[in-house]
Amino acid sequence: MLRYALKRLLGAIPTLLLVIVLAFLMVHAAPGGPFDDARVLPPETRAALEAAYNLDAPVYRQFLDYLSNLARGDMGPSYRYRDHTVSELIGNAFPVSLKLGAMAMLLAVGVGVAAGTVAALRRNTMLDRIVMTFAMTGISIPVFVIAPVLVLFLAVKLQWLPAGWSGNEGMARFVLPVIALALPQVAYIARLTRASMIDVLASDFIRTARAQGLGTVAIVRYHALKPAMLPVLSYMGPAIAAILTGSVVVEEIFGIPGLGQFFVRGALNRDYTLVLGIVIFYATLVVLLNLVVDLMYGVIDPRIRRR
Amino acid sequence: MISKKRALVYLVILAAAVAVVWQYQNVPQVAGPTASVLHRGLLTDPESVDPHKARSVQAGVVLRDIGEGLLSYSPTGELVAGAAKEWSISDDGLVYTFHLREEARWSNGDPVTAQHFAFSLRRLVDPATAAFYSSMIADVVNARAIVAGEKPPSELGVEAVDDHTLVITLARPTPYLLSLLTSPSTFPVHPGSIAAHGDAFTRDGNLLSNGAYKLDSWEPGSVLALSRNEQYWNNAATAIDEVRHHVVTQEMTQLNRWRAGELDITDVVPPDSFAKVREEYSQELHVAPYLGVYYYGFNLTRPPFKDNPELREALSMAIDREVLVESITGRGEAPAYSWVPPGVDNYEPPRFDYADESQDERNAHARRLIAQAGYGAKNPLQIELRYNTSDTQQRIALAIQAMWKDVLGVETTLINEEFQVLLANVAAAEVTQVFFSSWIGDYNDAHTFLSLMESNNASNMPRYANPHFDSLMQDAARQVDPMLRRVFLEEAERELLADHPVIPLYFYVSKHLVSPKVVGWGDNVLDYHYSQHLSLAPAGATP
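So the protein lines, in turn, are chains A and B. So the first sequence is numbered by the numbering used here: it starts at 1 and just counts up by one. So the second sequence is numbered by the numbering used here: it starts at 1001 and just counts up by one.
These are calculated hints, taken from the structure and not from any lab test. Please note that the accuracy of each hint is not assured.
To be verified - List of simulated lysine-lysine pairs, DSS-like, C-alpha gap at most 27 Å:
#	chain 1	residue 1	chain 2	residue 2
1	B	K1306	B	K1151
2	B	K1276	A	K157
3	B	K1378	B	K1306
4	B	K1276	B	K1306
5	B	K1517	A	K157
6	B	K1517	B	K1276
Unchecked claim - Label pairs and their calculated CB-CB ranges:
#	chain 1	residue 1	chain 2	residue 2	range
7	A	L291	B	R1463	52 to 58 Å
8	B	T1392	A	P14	42 to 48 Å
9	B	M1483	A	V59	53 to 59 Å
10	B	R1395	A	V175	46 to 52 Å
11	A	G110	B	M1252	56 to 62 Å
12	B	A1138	A	V59	30 to 36 Å
13	A	L67	B	A1138	35 to 41 Å
14	A	P58	B	G1149	19 to 25 Å
15	A	L127	B	I1013	16 to 22 Å
16	A	L127	B	M1252	45 to 51 Å
17	B	A1138	A	M171	38 to 44 Å
The C-beta atom is built at its ideal place from N, Cα and C for all residues, glycine as well.
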């Protein structure tokens, strides 16, 4: 198992290197630089700045220096946030994004499965139509529309919830962003659950269970839910991806200091080190997660261990 | 089946990670019940709270709260004493002597001395600092040579005669020096703190401030929390105990947060909601002239605009600026018929010759000019207009495209580019023909606008080079008498306007929403609003 893990980790290094090379070349290929502004710097000052950030070296040299610093765990200083290092910014931002995404995911699964099950059981009733209309709306309306509408009603008009992030403490400030982020996923999962639940409920083994006199609740809970969840589980991967990308928008709208916002700002400001840092961070995360998942398969499925 | 298991494992890992992170969440400090807290919106994070590494307007907002220069501005924009209580200027206008307040203190209790100011001004021009605004004090003796690395910073024309007397010697009279000394780039830094912490002297807990507030914490992308500097010499006059500068990059979010009562002051008002805001919050909306010009520049290094002032004038004339500011921007901007905005101290901008004509007369005039330049119905002028991606830019460009088409038959191709791409193209001056740009004054003097068009100015985007203009600017710089200097500057602007290197379109306005509970707000052309001048009306005292 340990050998397997080490082998996988070593195998991940070329992948990460490729990501780093591509990301490095792409940020440097974008026109403009981190110190460009309508107010052009005197050439001497510009030279001094570029020297201070090693930007005066040839690109290949910059890349090698970057790699050797990275190997020592140093992602360098941010060009835009000159008082902060990239590691610090990522260290502050990641927990925020993680919390936001995880809550949205839990909400999406919880509410989506419940709503879909109810709709399936009350198929073709008013309730079903209401749930499905809501689901269709949720899928069709993009996050950048939902979020401002939520803010307008719940935060500005009714003042029940905070409209923004900073200065609001505790859980309340998560509510609107999490809803905005989760809503499209709630809708999608509800539709998936309903469709698959209807299929399952029509199958023979459910009819048998019913014939044996089991109540609806028991049937759903012990027999129908598990097989009906399979399509939903397959959708988890795309759902996590959607929440990751959606969080970029939600973080911008609510002013949440998460990775998404820094990524966008970093790209616009040509903050090379910050953008690179976030790309590498995400890539490493994916590689590590995949490794952990595969290791856990081994735990769950003995056939893999034998291989 | 594998993929389902994989998904399940993902969920478990996610849940575990959340649980771990939750444990380490910081619990932010909550202000005491009696502290009065001001919440201000800030469009971006400062680049740095090191006054020499900062650059943006937003950094200036924060730095003016936590630092103080030799001079300062009143809420209505008059120059007032700051860390210096008084000053005198030699008859030749070259030697400025400042007497510092003996009671001025850093937040750790150290006195603020003339040596600190001298150290900081040297640090500003030291190439090792690589300050964005290193050329701000270029007219101080030896400043240019130091920035260029030809002389050591110690040769700068500043001298601390004793702890409380600072002498600044200029290479040429610079009447706006006093205005420059309100700029954060001329604020003092604490030499001992830099010696002790190096670059980390700006970090939370290390940063010493000589202003009305000190920085308690900075969460990038979220908030800068400031609290009263008990050591500040005028602390007794500071009303608000704590200031939170909330970083809210979306203009619409600032508006929503202000409406929800989470912000007391916004940095901006979103253009799309401006009409509605003006209707609903006419009392709270503050719109004031601002020292900034929105302009289109010509690339003067290439045809068709090289050596073709008539053609440039025709394009400038054919733009109905009244329509632009009333129907397109609609936020109280003033149409621009000069380069220097109105409201600049001791200056009356000259105007384009055609400024007094009606738009119909201008159009007729413009048609004659473009015909002279050799363009007509059979041979229409085809040009490219570049601007950065934004709704306002797009609408203005579309309107101008239509005006040029209607009046002159010009075929304009609109090219919108990401801001950094636009900057790179404009700076290269190869593919550009007409391009958007803007300029915000650094200090309250016509020089901050006019010097931009000197042939040796790096930010001279059109690459305008007129020896007569340059020599008028040089003449102005030699004048000790402010009236004479003004005559030269105005003459220089006349020369500039006649050449049409740029099309000034409108002058900016500052736009803020200010809660009725904020007392002491003053509108001014520099858009400076020090938190220390503000106070909060007791809850319930306002409607």
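Here is how each hint holds up against the structure:
1. B:K1306 - B:K1151: Cα-Cα ~38 Å, so violated.
2. B:K1276 - A:K157: The given pair, whose Cα atoms are some 16 Å apart, holds under the 27 Å limit.
3. B:K1378 - B:K1306: Within the cut-off at roughly 22 Å; holds.
4. B:K1276 - B:K1306: Answer violated: K1276 (chain B) to K1306 (chain B) is near 44 Å, above 27 Å.
5. B:K1517 - A:K157: holds (20 Å)
6. B:K1517 - B:K1276: Satisfied, since the Cα-Cα distance of roughly 21 Å is no more than 27 Å.
7. A:L291 - B:R1463: 52 to 58 Å: This hint holds: roughly 56 Å between Cβ atoms.
8. B:T1392 - A:P14: 42 to 48 Å: Hint holds: Cβ distance 47 Å, inside 42 to 48 Å.
9. B:M1483 - A:V59: 53 to 59 Å: Hint holds: Cβ distance 54 Å, inside 53 to 59 Å.
10. B:R1395 - A:V175: 46 to 52 Å: Since R1395 (chain B) and V175 (chain A) have Cβ atoms about 36 Å apart, the given range 46 to 52 Å is violated.
11. A:G110 - B:M1252: 56 to 62 Å: violated (30 Å)
12. B:A1138 - A:V59: 30 to 36 Å: Given a distance of about 33 Å, which is inside 30 to 36 Å, the answer is holds.
13. A:L67 - B:A1138: 35 to 41 Å: Taking Cβ atoms as reference, L67 (chain A) and A1138 (chain B) lie about 40 Å apart, which means the hint holds.
14. A:P58 - B:G1149: 19 to 25 Å: The hint (19 to 25 Å, Cβ to Cβ) holds, given that P58 (chain A) and G1149 (chain B) are roughly 22 Å apart.
15. A:L127 - B:I1013: 16 to 22 Å: Once the Cβ atoms are compared, 35 Å apart, the range 16 to 22 Å for I1013 (chain B) and L127 (chain A) is violated.
16. A:L127 - B:M1252: 45 to 51 Å: violated (36 Å)
17. B:A1138 - A:M171: 38 to 44 Å: violated (53 Å)
The structure fails hints 1, 4, 10, 11, 15, 16 and 17 (numbered hints given earlier, in ascending order).
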